[in-house]
Amino acid sequence: MILLLIILNSLQGSHAGLSDVSWSFDGHRIVCEIAWQNLTPAVKNSVRALLSGDSAYDRFSESCIWADVIRRESQYERFVTAHYVNLPHGVEGIDLTRDCADNLCVVKAITEQTSILENRASTETARLEALKFIGHFVGDLHQPLHVGYAEDRGGNSTDVTIWGEERNLHQVWDRSLIEYKMLSWEAYAAQLLGGISAVDRTLWASKNVEDWANESFQITENYIYDVGPDAEIGDDYYLTNLHTLEEQLKKAGIRLAALLNDALR
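Residues in the sequence shown are numbered from 1 upward in steps of one, following our numbering.
Keep in mind the hints are simulated off the structure, nothing from the lab. Because the structure is a prediction, the values reported are computed rather than measured. Yeah, the Cβ is synthetic: ideal placement off N, Cα and C, and Gly gets one too. Check the hints yourself; a few may be wrong.
[What the hints assert, rightly or not] Calculated pairs, EDC-like style, for lysine to aspartate or glutamate (alpha carbon to alpha carbon, straight line, at most 16 Å):
no.: 1; residue 1: K44; residue 2: E73
no.: 2; residue 1: K181; residue 2: D235
no.: 3; residue 1: K44; residue 2: E247
no.: 4; residue 1: K207; residue 2: E247
no.: 5; residue 1: K181; residue 2: E247
no.: 6; residue 1: K44; residue 2: D58
no.: 7; residue 1: K207; residue 2: D262
no.: 8; residue 1: K108; residue 2: E124
no.: 9; residue 1: K108; residue 2: D211
no.: 10; residue 1: K44; residue 2: E118
no.: 11; residue 1: K181; residue 2: D236
no.: 12; residue 1: K108; residue 2: E210
no.: 13; residue 1: K181; residue 2: E246
[Said to hold, decoys possible] Have a look at the derived ranges for each label pair, beta carbon to beta carbon:
no.: 14; residue 1: G93; residue 2: S55; range: 39 to 47 Å
no.: 15; residue 1: A187; residue 2: T97; range: 38 to 46 Å
no.: 16; residue 1: S74; residue 2: E210; range: 42 to 50 Å
no.: 17; residue 1: S197; residue 2: S55; range: 36 to 44 Å
Generate coordinates for the entire structure from the input sequences, incorporating the hints supplied.
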């Protein structure tokens, strides 16, 4: 794990850096464990069958970190920009012709890889990679700063101090807020699962990918940068944003499950 974090710390790109391991590895595992517990039995079997061809991962929740692990490999270069989308300040929401015209943004990547996954004519290798990309990118899209501003690289260039530790704002949302819970990812996922109602499942699963991006952007616009003039944050910031953090993790899991249940039905 330490070696992987050192490697990821050297990543380059618009939103590059250690904090680009969005939701941290544990955050991605949480999202995908929530999704796993909401898959139909038949779709679980389809996911197991696809993962049987992967020597690195035998659990879906673990496979969702793969898209970060392979980011520096040349054959996946086109996916470097697929972890995020940049929007201008003050717009109402995403515009694919404006925000995704010149790269494979996260919204386009989810749509593209879903088409590959649901196409039974795709090779098993392509469908396996699509499954892992989708699991990761849906998590990315629900980390609000992955629908952020190019000028500060999704919060990577906005330095803050949180509980006396120097980090950037992207890292706060990737890791600090999750770490402060002091739970294993399995325990945190179980806790969040217990707080999802049938009404939540219905409401959240009814959204489309662009809607998800717009929700994240509104969080970025309205809440995340409220760090005060000295950029020193702690318990107040944590308590103010905890509900949003946990709801985004839960939404990502439920929406990922709905997407996979449809693609692999």
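Sort out which numbered hints this structure fails and list those numbers smallest first. Structure breaks hints 1, 3, 8 and 16.
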